[in-house]
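Novice: Please put together the full structure from these sequences, using the hints given.
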Amino acid sequence: MKKSKKSQKIQKTSLNAVIFMLFSAIFASVGQILFKFAANEVNSTATLIFNPFLYFGLLGYGLGLLFMIKAIRRGELTVVYPVLATSFIWVSIASPIFFAADSMNIQKWFGVAIIIIGITFVGKGRQK
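Residue numbers for the sequence shown follow our numbering, so the first one is 476 and each next one is one higher.
Think of the hints as simulated: they come from the structure by calculation, not from any bench.
Positions of the beta carbon are idealized from the N, C-alpha and C atoms, including for glycine.
Each hint should be verified, as a subset may be incorrect.
Lysine-lysine pairs mimicking DSSO-like chemistry, simulated, CA-CA at most 27 Å apart [claimed, not checked]:
1) LYS599 <-> LYS545
2) LYS583 <-> LYS487
3) LYS599 <-> LYS583
4) LYS511 <-> LYS583
5) LYS487 <-> LYS545
For each label pair, taking beta carbons as the anchor points, the in silico distance ranges come out as [said to hold, decoys possible]:
6) ALA521 <-> GLY593: 35 to 43 Å
7) ALA521 <-> TYR556: 20 to 28 Å
8) SER519 <-> SER578: 28 to 36 Å
9) THR522 <-> ARG548: 32 to 40 Å
10) ARG548 <-> LYS599: 41 to 49 Å
11) GLY586 <-> ALA521: 35 to 43 Å
12) VAL517 <-> GLY598: 33 to 41 Å
13) ASN518 <-> ASN491: 40 to 48 Å
14) LEU540 <-> PHE585: 26 to 34 Å
15) LYS583 <-> ASN515: 18 to 26 Å
Specialist: See below:
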């Protein structure tokens with residue numbers, strides 16, 4: 476398969492691309508939280524099929540996908556895709572708010588810090 480001249484052009488990552496991917500991560504995180512609500516109410520396949528949390532979770536994922544497509548069209552995949560890892564941060568912070576059995580401890584906060592450091596390193600490596 477021959478690469479087009481457009482795909483061979485060096486693509487610089489815009490701030491908009493990073494922001495779009497951040498929105499993608501947020502919508503995906505909302506979807507995950509809603510899936511957890513759905514899972515907590517499931518007794519059978521029938522209850523899952525009629526669970527509104529499932530469908531709102533899918534909507535969150537769908538919106539996240541739209542923002543992801545906008546992001547990767549405007550920036551280097553190696554820069555914008557790691558921003559999606561912020562979804563781990565959002566879910567880690569939000570989950571204990573909504574679910575009593577979930578909690579954050581020092582080890583989990585350390586993991587969040589490592590994710591932030593990793594995303595920062597990758598972001599600093601973008602094309603100038």
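Novice: Broken hints, numbered, in rising order?
Specialist: 2, 7, 10
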